[in-house]
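J.: Make the complex out of the two chains shown on their own, each in a separate frame, by following the hints.
Protein sequences appear in the order of chains S and B.
When we follow the numbering used here, the leftmost residue of the first sequence carries the number 1, and every step to the right adds one.
When we follow the numbering used here, the leftmost residue of the second sequence carries the number 1001, and every step to the right adds one.
The set of hints was computed from the structure by calculation and includes no laboratory data.
Predicted model, so just to flag it, every value in this text is computed and none were measured.
Here a beta-carbon is modelled for each residue, glycine too, at the ideal position from N, C-alpha and C.
One should not assume that every hint holds.
Unchecked claim - One-sided and incomplete, this derived list gives chain S residues near chain B with beta-carbon spacing under 7 Å: (1) Pro42; (2) Gly59; (3) Gly146; (4) Leu193.
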Amino acid sequence: MCSLTAETITISGDGGDEIEAYLARPHGPKRRGGMVVIHHIPGYDRATKEMVRRFAELGCDAVCPNLFHREAPGADPDDAAAAARARGGVPDDRLVGDVAGAAAYLRSLDTSNGKIGVIGHCSGGRQAVLAACSLPLDAAIDCYGGYVVRDSPDDARTSLEPRLSNLGCPLLGLFGKDDQRPSPAEVAELATLLRENGKEFEFHSYDGAGHAFFAVDRPSYRVEAAVDGWDKIADFLGRHLS
Amino acid sequence: MCTYLTETINIAGSGKGSAGWFRVTDATVYFDHPVHALAEHTLNIDFANPSRGPGARVAVELTAESARALVQAIEATLASAPADLTR
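Chain B on its own, in the form it takes in the complex (with noise of 0.2 Å):
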């Protein structure tokens, strides 16, 4: 099935493409059909510039335990640092 679901975001920071790194402004969140990951249905994020053109972008698709496992990581990664420093 195809969810349409989709969240954007406004993200800060860099990621690296096909064609090095860039920075990248936008985030792209939806559970749906993946193009590589063998699932049918994946956790899929994009890390964009759409003002750079839609090859500016990293890509990831996840299955749902993986995506959840790395939430928490993420997670547990910014309680671990520094308050301060996470601002």
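So that you can see chain S by itself, here it is in the shape it has in the complex (with noise of 0.2 Å):
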């Protein structure tokens, strides 16, 4: 296990804006490549700063843009959380910004290799793959990212249908067979347009798993599908940001 520093950072995200962010990185001169995690709607919280250094200890330079920092700067995560979703959510626009101003700052980093990797949990799932079909990335993780095929029930977000054939890396998909958003027939249906895209993915179903399943400090916690999905990432990012 790797010694590692994390403290909370400022990037330039959408349109230049100045962002807070939480950055992870291993103690050391390798170089390395860099995740850009993705929060949750409920916000930059603590759940999602312990995977950002867990991406750290897996060898990895790792950054989470707190998306709501815009609402809510300097705000506890869950009153930021209910600011931004009073105003309606995170337009896609800004998150693909917000993620390529992330991806820039890790780049700029002197230990970067170059390559960079996003990872999104529910509603950060939709964004990981919204933002692997936007920018020039090296690998994509959607975790139950809901509305990925599918239209969301306030129209504020389509689906990434249109957009799958822009998908520029490898993508892993991690999922629980009894989630209903996504259902097992719409991360089928996900598979099937990546298939006929030509794109490279590979996606976990977990028995006995439902969403969030990878969430320590909720009732939905699996420890077998989330150990198992750990390493399934770590597999992943060793073969393509190493």
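T.: Below, the structure written as structure tokens:
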């Protein structure tokens, strides 16, 4: 296990906006890949920051932009999430710009090998696919992202189906068979679309797991799925970011 | 799943938050992942005053059953009060 450093920084996000971000880096000069971690709708919270540190432990420089910084700079993560929700949430274009800024920051680090991945859970899973269809990245991980192949009920987020032809990197998908957003049928539909578009992907769907099985602080946590899922993530990043 | 759906209304009254009492002007209601409640989805209500910043908020996260019971309790309480007081 490596030593690491974690801290709050400022990066340039969409439109050059200065936004808060959480950075974790392994110690040492070894060149390595970078991971952009997209937080879920409940916000830029402790659980997400734990994941950022885990990516550093896995050997990546990792950064999580605070997607709600503009609505509530300096606020508690849950208050910021509430403020952002009341204003309609994060627009897709802004999300792409913020991930682009986070990726540029990671590439600027003296330890960067130039390769960047993106991961998100729940709403962030859809956003990870969106980012990978919009930006030059090297790996993308969708953990049970809903509304990837469906429009969201509020019509603010449309299906990503028309964008899948632009997916520019391998995609790892981790899903629970008991989940309904995305349902197993939606996961199968996404796999078919990726196959039709000639995209590289690997999907794993777990028995006995529903939505948010990685979330250690929620009743949805499923230890077997989460442990295996982290193994799949480490293997995937080893192949595509090293 | 994230539902994304949010109902937003203007309200008048007061709430007590971490910094004491304040006027509440807005309420958002949504059924989605909670921050703290031990359930995968809850009925969440934020009583807020955005003009005082994002921290001016009283939040509750209720199970669906609890939320329905609360609605009934509110309706029953309003119905039992003298009509001239609740117009």
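J.: Please check whether Pro42/S passes as an interface residue: C-beta within 7 Å of a C-beta belonging to chain B.
T.: 5 Å, holds
J.: Would the stated hint for Gly59/S survive a check requiring a Cβ distance to chain B of less than 7 Å?
T.: 30 Å, violated
J.: Return the status of the interface hint for Gly146/S: holds when the least beta-carbon distance to chain B is below 7 Å, violated otherwise.
T.: Where the cut-off is 7 Å and the nearest Cβ of chain B is about 5 Å from Gly146/S, the hint holds.
J.: Is the hint on Leu193/S kept, meaning its closest Cβ partner in chain B is under 7 Å away?
T.: At about 20 Å, which exceeds the 7 Å cut-off, the nearest Cβ of chain B leaves the hint on Leu193/S violated.
Checked against the numbered hints given earlier, the structure breaks hints 2 and 4 and satisfies all the rest.
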